[in-house]
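Asker: In order, the protein sequence lines correspond to chains A and B. Numbering that gives the first Met the number 0 puts the first sequence at residues 0 to 39. Numbering that gives the first Met the number 0 puts the second sequence at residues 0 to 475.
Any given hint could turn out to be false.
[As the list claims (entries may be wrong)] Looking from chain B toward chain A, a few residues come up when the C-beta cut is under 7 Å (computed):
hint, residue
1, G166
2, I170
3, P173
4, M206
5, F207
6, F311
7, L442
8, G445
9, V457
10, S459
11, T463
[To be verified] Ranges of calculated distance between the beta carbons of each label pair, as one might list FRET restraints:
hint, chain 1, residue 1, chain 2, residue 2, range
12, A, W25, B, L50, 30 to 36 Å
13, A, L9, B, P300, 52 to 58 Å
14, B, V371, A, L9, 36 to 42 Å
15, B, P300, A, R10, 51 to 57 Å
16, B, Q290, A, R10, 45 to 51 Å
17, A, W25, B, S185, 19 to 25 Å
18, B, Y424, A, R10, 56 to 62 Å
19, B, A462, A, A35, 53 to 59 Å
20, A, P11, B, K432, 52 to 58 Å
Keep in mind the hints are simulated off the structure, nothing from the lab. Virtual Cβ for every residue (Gly too), placed ideally from N, Cα, C.
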Amino acid sequence: MSERDETFELRPRIIAWLVVGIPLAWGVAQVTIKSAALFQ
Amino acid sequence: MSAAGFLDRSRCIAPPGYDRWRVPPAALAIHLSIGQAYAFSVFNLPLTKILGVTAPVPEDWKLTTIGWIFSVAIVFLGLSAFTFGRWLEEAGPRKAMFASASCFGGGFLVAALGVQIHQIWLVYLGYGVLGGIGLGLGYIAPVSTLIKWFPDRPGMATGLAIMGFGGGAMIGSPLAVALMDFFKSSTSVGVAEAFVVMGILYFAFMMFGVFTVQVPGPGWLPASYTAKRKAEFGATPAVPTIGTPAGRSNAERRPMAKDVHVNEAIRTPQFWLLWVVLCLNVTAGIGVLGQASPMIQEMFPGGVSAQAAAGFVGLLSLANMAGRFVWSSASDIIGRRRTYMVYFALGALLYASVPSAGRMENATLFVAFYCVIMSMYGGGFATIPAYLRDQFGEMHVGAIHGRLLTAWSLAGVAGPVLVNYIREYQINHGVAKGDAYSATMYLMAGLLVVGFVANWLVQSVHATHHYNPERGPMRV
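Put together the whole structure using the sequences plus the hints.
Answerer: Listed below in structure tokens is the structure:
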């Protein structure tokens, strides 16, 4: 597989993971901030 | 191409060389959405003042009335998974995920109408019945698909999807709060408007999963797995044995050597032992999860503020979500049976130790114990599909998983009732609030010991139950 082909294969995978990863990361960040209150 | 054609199983068969790591995001899109159900409690207080807006008036719904919305949804999750599991295997994941998105998103819209005209039965019908059906379909469809894509790491794959269900609450809760804040006015608490927006948003997000989900092509197996599989099944038909010729349903494909038909699976002791395993693991976790905030405040009076208690609940959610992926992935290495042995043995030990942590006034130890307990509660959910796959093969794993989820429905109703009843009984008999949880903890430890025995009794399914296409779907 050429370098160009690998880039082509990788891009949809990255996009797909970003679509679900960004909302999940936002949710985890919200909860982590809230959890910090336990240690204050 | 018609819309119906696009949803057909035959239209979502992956071409040769398809990157299987593009499938988990499709599963996560569904699970992150339906996981919102765990965050439904953020609507509880606003729903008690729909008419009064600033404070409840006598005509407003009571908390006990509102509490049934979540319970109905969980019951219908189990019922729909039970009823439609077999259909899902025939129809394919794309159609099932589309039905899930329609029911879950549509359920929000019907519930919004119920809130707007203040008819609780419409909220039960919308979020409870319709939404619950969406939950059941959406829960099992991606799991069954990922098991087929990752036969070499089924625990990791299902853990990834079911982790999304745990993570869904983390998105759903702040999203709901932000939307209600945005829409609230002098005449509205903003719930109906938030329901409409969430229904549309979740439908759109789930459609990403519908569009991107793929099933493995005929005879597909990961290269690294082929040699192992040949060794496992010896002289059984040459690889590929799990191929699905394009356009043929899952039931028509050639079975694995260990495949068990769904109707046969429920006749085996293994199915019912695993049903007990899931039911007890969920019962032990779900009741306490719902009481985490008041529990830590009452066990450490004056030491833990309401804000810190909310932080504790958040930490438990993180442990629950992380446990789904970590424990389930670990089960690929140490084995499913051993993993559940750890859940039950360590869980029982920790539950029995929680009252001591309370008496020692050691909040750090208390929090640490609960984080581990909740990680195993999540792990129990995530590991069960791979356990079913080990026992019954891949052929009907979605349908069998669907039938097993009735254990969740029962535990979802029984767990909180049990915990609340014991607590009330203790308090009514003069036990201090902080000590009233001790009996509950010991009971939970006892339930986990029973679960340990049930799991210990699980042995491999006898070969007489294995599916043989020449004899038909049932053992003769």
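Asker: Would you mind marking each hint as holding or not holding in the structure?
Answerer: Hint-by-hint comparison with the structure:
no. : hint                            : verdict
1   : G166                            : 5 Å, holds
2   : I170                            : 4 Å, holds
3   : P173                            : 4 Å, holds
4   : M206                            : 11 Å, violated
5   : F207                            : 6 Å, holds
6   : F311                            : 5 Å, holds
7   : L442                            : 26 Å, violated
8   : G445                            : 29 Å, violated
9   : V457                            : 33 Å, violated
10  : S459                            : 36 Å, violated
11  : T463                            : 43 Å, violated
12  : W25(A) with L50(B): 30 to 36 Å  : 33 Å, holds
13  : L9(A) with P300(B): 52 to 58 Å  : 55 Å, holds
14  : V371(B) with L9(A): 36 to 42 Å  : 37 Å, holds
15  : P300(B) with R10(A): 51 to 57 Å : 56 Å, holds
16  : Q290(B) with R10(A): 45 to 51 Å : 47 Å, holds
17  : W25(A) with S185(B): 19 to 25 Å : 30 Å, violated
18  : Y424(B) with R10(A): 56 to 62 Å : 60 Å, holds
19  : A462(B) with A35(A): 53 to 59 Å : 55 Å, holds
20  : P11(A) with K432(B): 52 to 58 Å : 55 Å, holds
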